[in-house]
Amino acid sequence: MHKSTEPVLSGVVGFFDDADSLIDATVKVRDSSFKYFDCFTPFAVHGLEAAQGLKRSKVPYVTGFCAFSGTGLAFWLQYYACKTSWPHIVGGKPFNSLPAFVPIMFEGSILLGGIATFFAMIYFNRLPNLTKRAFDPAITNNRFAILIENPITNKYVDEHDEDEVRANAFSSEAAESFLKTVGAKEVRKVYEEGWF
Amino acid sequence: MAHAHAAVHRIENPGSLKSTGTLTSVFGAFIVIGLIAFFATYSGDQQRAWTCLLRSHFFFMGISVGALFFVAMSWITTSMWTATIRRVAESFTAYLPIAIVSTVLVFLGAHSLYSWTNPSLVHGDPIIEGKSGYLNLTFFYIRAGVGLLGWLFFAKKLVGASLSSDQGGDFKKVYGMSRKVGIGFIAFFAISFSAMAFDQLMSLDPHFFSTMFGVYCFAGAYQAFFSMLAIVVIILRRTGYLKGIVNENHVHDIGKWMFAFTIFWAYTGFSQYMLIWYANLPEETGYFMLRFNHGWENISIALFIGRFFLPFFLLLPRGNKRCEELVFLVAIWCLFMHGFDLNWIIQPEFYPDGPRVGLPEVGVWLGFLGAFGLVVTRFLKKNNVVSIKDPMLPDAVNYHHI
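Chains D and P, in that order, give the protein sequences. Mapping to our numbering: the first sequence position 96 is 96, numbers consecutive. Mapping to our numbering: the second sequence position 232 is 1232, numbers consecutive.
Since the hints were derived computationally from the structure, they do not count as laboratory data. In this text the structure is predicted, and so the values were computed from the model without any measurement. Please note that the accuracy of each hint is not assured.
[As the list claims (entries may be wrong)] Straight line, CA to CA, 27 Å or less: simulated DSS-like cross-link-like pairs of lysine-lysine:
#: 1; chain 1: D; residue 1: 55; chain 2: P; residue 2: 1180
#: 2; chain 1: P; residue 1: 1389; chain 2: P; residue 2: 1157
#: 3; chain 1: P; residue 1: 1157; chain 2: P; residue 2: 1172
#: 4; chain 1: D; residue 1: 58; chain 2: P; residue 2: 1256
#: 5; chain 1: P; residue 1: 1243; chain 2: P; residue 2: 1256
#: 6; chain 1: P; residue 1: 1156; chain 2: P; residue 2: 1180
[To be verified] To give an idea of the chain D side of the interface with chain P (calculated C-beta under 7 Å), a few residues:
#: 7; residue: 42
#: 8; residue: 46
#: 9; residue: 47
[As the list claims (entries may be wrong)] Pulled a few chain P residues facing chain D out of the computed Cβ check, cut under 10 Å:
#: 10; residue: 1267
#: 11; residue: 1314
#: 12; residue: 1317
#: 13; residue: 1320
#: 14; residue: 1398
For glycine and all other residues, C-beta sits at the position ideal for the given N, C-alpha and C.
Please put together the full structure from these sequences, using the hints given.
See the structure below:
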């Protein structure tokens, strides 16, 4: 943590009035040398994730893996209970009756897949987030914003990698003028106070 | 990805199909093949000719009425993405008049197909005697007639309104009317399609009954409809008609529907099977005993793997549903499996000693395909291939999946 009395600059934010100009600007920021940036919109904007250059979420793979594990586990549970541990004749059916197991196997897939999706979503979204606050209430109302982050304050930047930090040396003036050239209506600095 | 945000603001009207000469002659040839196959089979083995006819009749009737269901659904749910492909679905409903003709043909074969039409078999059989209030030829004709004429009426209303908007009709009125008519159609469809499935397929074994049967047939037919839609839309896109209107997002959505109804088909099929397996009632298990013996057991396993497992895993990854070529191939496979499924429903009742697959089955189906293709190309030649005045069209063209 930075313990100076000077507030630490965590980034520069540029505001836009509509989704189309935000997407156009986001493409330019993505293709620029600013590596750490994020977009804030009051609603889901179609095509924004492509403009940001975001990769596909890994959540579906977790869901798929856990759902198929659930199928297998539910089969094993019933096979163990009905055939190995406590074999009973029910309705004249064989101990290992696949048709009777299928609904539970289906439910097992849904249960494990659903729970795994929830926790994977929490994990990949870097939640719970107890420190970051909204830097401007307008981004939940009517304005669109791009935040170019100062790599120093981004906890996902490896601080031990000196080369990485030097290569991304942050200049708030450069970021401000760049945001203006891509069409931001208002540009201002964001400090750790009020944001972290 | 870099072009993902490039929005299209002006949509060129692709117009209607231009040269259809080759298509018309190919489909015409198919009809001739179908007629030859039917009459050649009929002269040797009447029953086999009628089973081939029944299967192909139900195959294409299900697809065209499934298309009407899709059109009604897209009005009711105000879905935006369907604006680009709704007209193609509407073109399938042009087959409904031919479905009436093929139903009359099934009536002609009723005595060969349905054992409950034979009074000497009904008499003394308490189960069939008990059902005779429902399973008699007069009521059978009435149900089929009411169902088909009703579908034709709803198709005229829904498709006619959509077509009138191309000529400059007020879209607000079209929308309000289609919504109301669509809701009416869904209610009518639920009852009439179940009745069709019960009458024409389930009553092949008059002892058997299953309340899931109508839903099972609907699930299969609706999946087959989406497969047919995918094929026609992709062909129209490749030939340039829907270029710039349908993109990989729409192919993705059709793929999702195919995937969803692959699962729904397996769900209804399994629910029907599991309850009968559990309850173990003789008049119900007979249906599955026929299909689990004498070579039919392999067909049953192949049906489950081919109609559920393969499309399920092929359509599961996101990238596959966005790949036009793969969706096209899976759609052809699903249509094949729909015919396979109908064969599995119909043939064991007549040939419990094993499946019959040969030139009659393929030939008669080709004949029906020819008729279907002819009316669909004729519809798309007369009308625009896209509902160009639909106010949701620009949004539908530009939409993205998150």
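Going through the hints against the structure:
1. Taking the CA atoms of residue 55 of chain D and residue 1180 of chain P, the gap is near 43 Å; set against the 27 Å cutoff, the hint is violated.
2. About 18 Å separates the Cα atoms of residue 1389 of chain P and residue 1157 of chain P, which keeps this hinted pair within 27 Å; it holds.
3. Between residue 1157 of chain P and residue 1172 of chain P, the direct Cα distance comes to roughly 15 Å. Compliance with the 27 Å bound is thereby established for this hinted pair.
4. With a CA separation close to 19 Å, the supplied pair residue 58 of chain D and residue 1256 of chain P stays within the 27 Å bound.
5. A C-alpha spacing of about 21 Å is found between residue 1243 of chain P and residue 1256 of chain P, which places the hinted pair at or below 27 Å, so the restraint holds.
6. Distance restraint check for residue 1156 of chain P and residue 1180 of chain P: the Cα-Cα separation of roughly 14 Å lies within the 27 Å cut-off, and the hinted pair is therefore satisfied.
7. Using the Cβ-Cβ criterion of 7 Å, the hint placing residue 42 of chain D at the interface with chain P is not satisfied: the shortest such distance is roughly 16 Å.
8. The interface hint given for residue 46 of chain D is met, as the beta carbon of that residue sits about 4 Å from the closest beta carbon of chain P, less than 7 Å.
9. At about 5 Å, the closest approach between the beta carbon of residue 47 of chain D and any beta carbon in chain P falls short of 7 Å, and the interface hint on this residue holds.
10. About 9 Å separates the beta-carbon of residue 1267 of chain P from the nearest beta-carbon of chain D, less than 10 Å, and the hint is met.
11. Hint status for residue 1314 of chain P relative to chain D: violated, with the closest Cβ pair at about 14 Å, above 10 Å.
12. Hint status for residue 1317 of chain P relative to chain D: holds, with the closest Cβ pair at about 9 Å, below 10 Å.
13. Among the interface hints, the one on residue 1320 of chain P is violated; its C-beta lies about 13 Å from the nearest C-beta in chain D, farther than the 10 Å criterion.
14. Hint status for residue 1398 of chain P: holds, given a least beta-carbon distance of 8 Å to chain D, under 10 Å.
Violated hints, listed in ascending order, are 1, 7, 11 and 13; each of the other numbered hints is respected by the structure.
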